[in-house]
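In the order they appear, the protein sequences are chains F and X.
Using the numbering used here, the letters of the first sequence map in sequence onto residues 1 to 223.
Using the numbering used here, the letters of the second sequence map in sequence onto residues 1001 to 1200.
If you are wondering where the hints come from, they were derived from the structure by calculation, not from laboratory data.
Quick reminder that beta carbons are idealized off the backbone N, C-alpha and C, glycines included.
Keep in mind that the hints are not guaranteed to be accurate.
Claimed, not checked - DEER-style ranges, computed between Cβ atoms:
| # | chain 1 | residue 1 | chain 2 | residue 2 | range |
| --- | --- | --- | --- | --- | --- |
| 1 | X | Asn1075 | F | Glu66 | 36 to 44 Å |
| 2 | X | Val1193 | F | Ser163 | 29 to 37 Å |
| 3 | X | Val1113 | F | Gly171 | 29 to 37 Å |
| 4 | X | Gly1056 | F | Asp61 | 13 to 21 Å |
| 5 | X | Glu1117 | F | Ser128 | 44 to 52 Å |
| 6 | X | Ser1058 | F | Gly171 | 40 to 48 Å |
| 7 | X | Pro1176 | F | Gln193 | 42 to 50 Å |
| 8 | F | Lys186 | X | Ser1058 | 23 to 31 Å |
| 9 | X | Glu1030 | F | Glu169 | 37 to 45 Å |
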Amino acid sequence: MSAYHPDDMTLMNYAAGSCSIPESLAVAMHLCFCHDCRQHVKNLNHLGGALLETIKPASTDDDAFETLMSSLEPHDHSAPVKVKMEPTPNDRAIQHFTNPLLRYLPTSLADLPWQRQTKEISKFDLTSLVNVKGFQVALQKISAGAKVPKHTHKGFEYTVILSGGYSDELGVYHEGDFIARDASHKHSPTALQNEDCICLTVLNAPLKFTGWYRVLNPFMAWN
Amino acid sequence: MTTKKAVSMNDSTAANDAPDWGALLARVAENDDKAAFRAIYQHFAPRIKAYAINQGFSQHAEVLVQEVMTSVWRNADKYSESLASVSTWIFTITRNQRIDILRKLNRTRAEIVIETEDLWQIPTEDTTICSIQNLSTEKFVKAAIDKLPEEQMIALRKVYYEGKTHEEVAEELNIPLGTVKGRLRLSLQKLRVMFEAKEI
């Protein structure tokens, strides 16, 4: 159970589907670890369902239903009865919410072709996977006990710890924790002593946005 | 069964004796039941369209409706009352399809892009929660919304349902940005307290 969570506004934006893809990746990774936040998102989804029920309906095109009906195919009843997904014991933390990165990583976390940054810090870039302008997304690996040089963020940074842990001036963080930092924070994270720390980091580029709310809907720019 | 007539799209006050949407979905999945699907369509399509329009989908509103209803038809057999009420299930499909459409419109290059469905998964846990509890959750959420002060609900609806930024809400309501943020914070706090009290 993690101790640091996305705040209510972030979870609501996630449930509403109005946060950016990189941000949703960070939230989704946290959800893999956190029962409480999964539960809260579920409740916020119910809020969405309730709002759908109470919305003032708009009129739809008269022939829309028949047009749709003519494009639909009958259900395939010859298919085997649906198989209930049984969680395997090994899934433990992740059984209720599939790690969204699993399908996209070439190998397991341990065997990734890490790109060495310094002797003790390496990264695996995911920016092109997420492919949203203005965001840098990566997995970072910090050797046990190593210190990341002090830095500030011009935009914001979300970190989700996937294994190990680190500490900084504001706290000690463990597997599953979701840490949000913005320009007001200066920090120099130090990986905990016992094992390497692997985390997901989502950074927004400082130039494009004036405040972090501005980034919530970059993919809606066409509107 | 003549549930069809009970759900004309103008009948938004029928919440108390709402049809059993889960049973209708099962009929769609098992028998390709057109009448059942029509009942679902007549209730939900106008709501999905209103959502789409609120979200700024002017010319794409009908596209979203068709995408969502196609998905409802195809996935009717995957719906389970133990996971969510039908309106919540359809809301999550609508949300994901909306994101998908926006991503497709905005996609510049063909690259490996993480799927919306991987990022916004529909929770599958808590098999211990039975359908009755889920239906009561739905009622509970509706009651919780009614308990929020109207000014907070308006702000929440605009952000949650219309995808507006806090700045836009402030401008629309002609109130300071700080007030919008305060109302949102309070409404979310209250909802959390009510949700958590229920779970105990």
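Consistency of the hints with the structure:
At roughly 21 Å, the beta carbons of Asn1075/X and Glu66/F sit outside the given window of 36 to 44 Å. Between Val1193/X and Ser163/F the beta carbons are some 33 Å apart, a value that agrees with the proposed interval 29 to 37 Å. The supplied range of 29 to 37 Å is met by Val1113/X and Gly171/F, whose beta-carbon atoms lie about 34 Å from each other. Checked against the hint of 13 to 21 Å, the C-beta distance between Gly1056/X and Asp61/F comes to roughly 19 Å, which is consistent with it.
The hinted range of 44 to 52 Å is not satisfied by Glu1117/X and Ser128/F, whose Cβ atoms lie roughly 20 Å apart. Restraint check, Ser1058/X to Gly171/F: a C-beta distance of roughly 46 Å satisfies the suggested window 40 to 48 Å. Separated by about 48 Å at the C-beta atoms, Pro1176/X and Gln193/F satisfy the suggested range of 42 to 50 Å. For Lys186/F and Ser1058/X, the Cβ-Cβ distance of about 45 Å falls outside the hinted range of 23 to 31 Å, so the restraint is violated.
The hinted range of 37 to 45 Å is not satisfied by Glu1030/X and Glu169/F, whose Cβ atoms lie roughly 59 Å apart.
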